[in-house]
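Between the sequences and the hints, there should be enough to build the whole structure, so can you do that?
In case you want the letters, here they are:
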Amino acid sequence: MTLLYTEVEEELRASVRGLLADRSGPDAVLRRAESAAPYDMDLWKTLSREIGVAGLLVPEEYGGAGASAREVAVVLEELGRAVAPVPFLTSSVLATAALLRVGEEDLIQELASGETTAALAVSLAASPYRPLPETVTVTDRGTLDGAVRAVAGADVADVLLVPVGRALYQVAAEHVQVDVAPSLDLTRPIATVTFSDTPGEAIGSLDVREVLSFGAGLLASEQLGVAEWCLEATLAYIKERHQFARPVGSFQAIKHRMADLWLDVVRARAAARNAADLLAAVPYGAAAVEAVEAGELAAAVAKSWCSEVAVRVAEESVQLHGGIGMTWEHPVHLYLKRAKSTEIAFGAPGAHRDALAVLADLPAPV
Amino acid sequence: MTKGTFVALDDKTIRERAAAFLAAGHDPGRRLEFLRARFDAGLAWVHFPEGLGGLGAPRELQNVVEQELARTPQLDTGVQAIGLGMAAPTILAFGTEEQRRRFLRPLWTGEEIWCQLFSEPGAGSDLATLGTRAVRDGDEWVVDGQKVWTSGAHHARWAILVARTDADVPKHRGLTYFVCDMHAPGVEVRPLRQITGEAEFNEVFLTGVRLGDDLRLGEVGDGWRVAQTTLMNERVAIGGAPVRRGGGMVGVVAETWRSRPELRTHDLHQRLLRLWVEAEVTRLAGARLREQLSAGQPGPEGSGMKLSFASLNQALSGLDVEMRGEEGLGYDDWTFRRSDSVDFFGRGPGYRYLRAKGNSIEGGTSEILRNIVAERVLGLPSEPRVDKDVPWKNLPR
Ligand SMILES: Cc1cc2nc3c(=O)[nH]c(=O)nc-3n(C[C@H](O)[C@H](O)[C@H](O)COP(=O)(O)OP(=O)(O)OC[C@H]3O[C@@H](n4cnc5c(N)ncnc54)[C@H](O)[C@@H]3O)c2cc1C
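Those protein sequence lines, which keep their order, are chains A and B.
Start counting the first sequence at 2; every next residue gets the next number (my numbering).
Start counting the second sequence at 17; every next residue gets the next number (my numbering).
Among these hints, one or two may not hold up.
Some chain A residues near chain B, calculated using beta-carbon distances under 8 Å [said to hold, decoys possible]: (1) Thr3; (2) Lys240; (3) Gly250; (4) Pro366.
Source of the hints: derived by calculation from the structure; they are not laboratory data.
All figures in this text were calculated on a predicted structure; none of them were measured in a lab.
Quick reminder that beta carbons are idealized off the backbone N, C-alpha and C, glycines included.
Pasting the structure below:
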């Protein structure tokens with residue numbers, strides 16, 4: 002185990018970063034966010050075809066790269082740094098992790114290529130520590146009825162994976178209604194997904210909790226990327242911007258805040274790496290209880306810490322940019338919106354800390 | 017190992033060396049002999065060169081040695097802290113071969129305790145402004161001045177000392193670094209009672225103290241650069257010690273929490289969980305930093321670890337006192353004593369709370385460390401410097 006990045010991971014990072022720099026700069030992301038199709042599916046196809054990001058988690062025998070949570074985390078860091086509007090988290094991490102646990106073999110091959118995308122039909126705010134609200138039911142005829150709100154990635158999904166109780170259903174997108182309403186995060190819209198007498202196929206049994214915990218642990222890496230971008234952009238700005246005949250970054254009141262943010266980010270990086278590393282160590286299916294618990298604990302630590310750090314750094318970034326930070330044209334708002342909505346995603350920080358009461362044996366008062 | 021043979025020093029070889037050392041049958045009952053033998057086997061600090069207690073291995077592999085030799089006589093990292101954490105890496109980096117051979121072995125075994133004569137009444141954060149003078153007299157230097165907050169001076173055989181050797185140049189350029197003989201005539205140590213009631217630190221008066229030139233570390237006038245090495249190592253030593261998950265101060269508080277359900281409230285629970293997370297991410301960041309450092313010297317990033325360690329220790333020890341309610345109103349012992357070192361784990365919660373206040377002052381205050389992070393890590397411009405080109409003797413004091 003290592004908390005550093007391997008050479009292979011650094012190469013992967015460089016390819017993703019290079020492609021995003023060419024194709025998905027802040028201006029492009031902003032323009033797209035204002036359009037009717039916030040997701041950049043051309044970029045997604047290129048990322049999948051040229052770098053193979055869609056199939057990272059998928060074993061080689063199913064056409065994937067057979068990589069692990071560690072590599073996925075590196076891609077998420079880069080996507081976070083660019084607030085890139087692609088369905089990697091929703092399709093290649095969450096939906097794929099669900100299919101791997103179920104032991105599905107066909108759809109996963111399609112997802113691995115990136116040609117097809119899927120979304121797990123759960124609220125982005127769903128917590129790994131609470132049962133999912135039972136808003137979808139199976140009719141006597143075996144079809145699905147009901148609705149799930151705040152689903153991310155549904156608007157670009159070809160397939161929806163719907164947990165009903167412990168069963169996972171696969172539903173073709175053309176049979177469901179997807180309503181996107183304005184979302185706080187412009188670059189990752191959420192939608193209400195409605196099923197009415199919708200045909201679906203039960204593909205196996207799934208403990209969604211595990212998938213959500215896995216997603217939460219890896220989302221920390223995306224948050225790290227968001228925080229890193231904000232820190233760097235702010236640093237560059239306060240070195241350049243002069244007031245009172247000095248760069249504003251030479252004032253101690255500002256320097257000390259930057260030092261504290263840096264320290265928060267340094268610790269976020271260690272926490273996110275640790276989560277990725279320990280989640281990578283847990284194979285799908287039967288695994289040693291200690292390994293699963295170590296992964297869950299690391300995920301809870303990383304998600305609670307990185308959520309707050311990303312929000313703090315993004316908020317400070319807006320503040321330290323002064324007036325320009327409040328404008329629509331400056332990209333920092335895209336990061337703040339991503340930071341704030343991922344804070345809620347897969348369990349708010351407090352939910353993860355509460356979970357530590359059990360995982361770290363720090364029981365609540367009776 | 018003969019010269020010229022190359023053995024890759026990895027986990028496995030270090031483990032084998034430790035096993036071979038144990039198999040050689042040194043008697044753990046004879047502590048000093050055992051420690052000396054361990055030094056001679058290169059298992060003192062594996063990243064030091066051969067012959068000086070090490071094997072020239074990556075720093076990280078020291079953990080392997082510590083695991084293997086965990087059940088044998090251990091160093092007293094309390095009284096030895098300044099020697100191990102600050103003096104040794106500086107001597108290694110700047111000492112002559114003779115100085116390294118003379119000082120490192122008894123330093124490591126604890127036969128000789130070290131202290132640090134840096135701070136002065138007029139020079140704390142602005143250490144480079146210090147006024148203790150060293151004047152050359154043939155092969156010797158004559159030192160006069162006063163130091164303060166000197167931890168462990170009452171135990172020390174040797175000290176690392178920074179003194180002014182040229183008052184006519186700007187403050188950073190006129191300093192020279194020495195090893196001070198604490199037994200030399202003219203060295204007087206007076207206890208300074210502190211917030212906890214005990215005296216861990218001292219005032220040290222230096223009056224006509226004569227030090228041979230062979231006790232100079234580094235070039236004349238290069239003392240600031242040498243001191244930088246000491247300070248960077250100090251910050252890593254204070255903030256960067258490896259701990260296990262849930263260990264250190266958070267472990268102490270968590271233990272109280274687990275064993276005393278009657279003390280639990282919801283507010284304390286939320287705060288404890290927050291601090292537990294912070295302790296864990298700080299631990300991981302320290303581990304990551306050590307991985308990065310496993311070869312090289314500590315850089316300014318170490319200041320970050322010391323910063324977070326200080327604020328965590330303070331928050332946790334404060335929570336501990338508060339959590340205990342009535343018991344938190346008491347104190348274990350106010351008797352004035354000359355303590356050996358910081359005793360976070362042997363003393364009561366009140367002591368821990370008060371002693372932790374020093375964590376954000378000793379070894380550079382948290383304000384100074386934030387300046388270092390901002391300027392040296394993040395590359396932000398420095399404050400306007402009014403004293404940069406002024407000879408030290410003309411500085412307002
Ligand atoms: C427990 C303990 C053990 C110690 N052991 C030793 C030892 O063994 N040997 C030794 O030599 N010294 C030792 N010290 C001294 C320590 O290194 C100094 O106390 C420390 O460097 C601060 O200096 P000062 O006390 O003079 O405070 P000052 O420098 O006077 O600082 C006063 C306040 O002003 C702030 N301040 C100063 N400059 C700035 C700035 N530029 N920007 C913002 N804020 C600033 C400080 O952060 C602090 O809050 C020890 C101190 C303690 C508390």
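Problem - Restraint satisfaction for Lys240(A) [CB to CB of chain B, less than 8 Å] - result: 7 Å, holds
Exercise for the section: Tell me if Pro366(A) is really an interface residue toward chain B, meaning its C-beta lies closer than 8 Å to one of theirs. Expected result: Hint on Pro366(A): holds, closest Cβ of chain B at ~4 Å, below 8 Å.
Handout entry: Restraint outcome when Thr3(A) is required to lie within 8 Å of chain B by C-beta distance
Key = Hint holds; Thr3(A) Cβ to chain B Cβ min 6 Å, cut 8 Å.
Problem - Hint validity - Gly250(A) Cβ closer than 8 Å to any chain B Cβ - result: 4 Å, holds
Every hint from the earlier list agrees with this structure, and none is contradicted.
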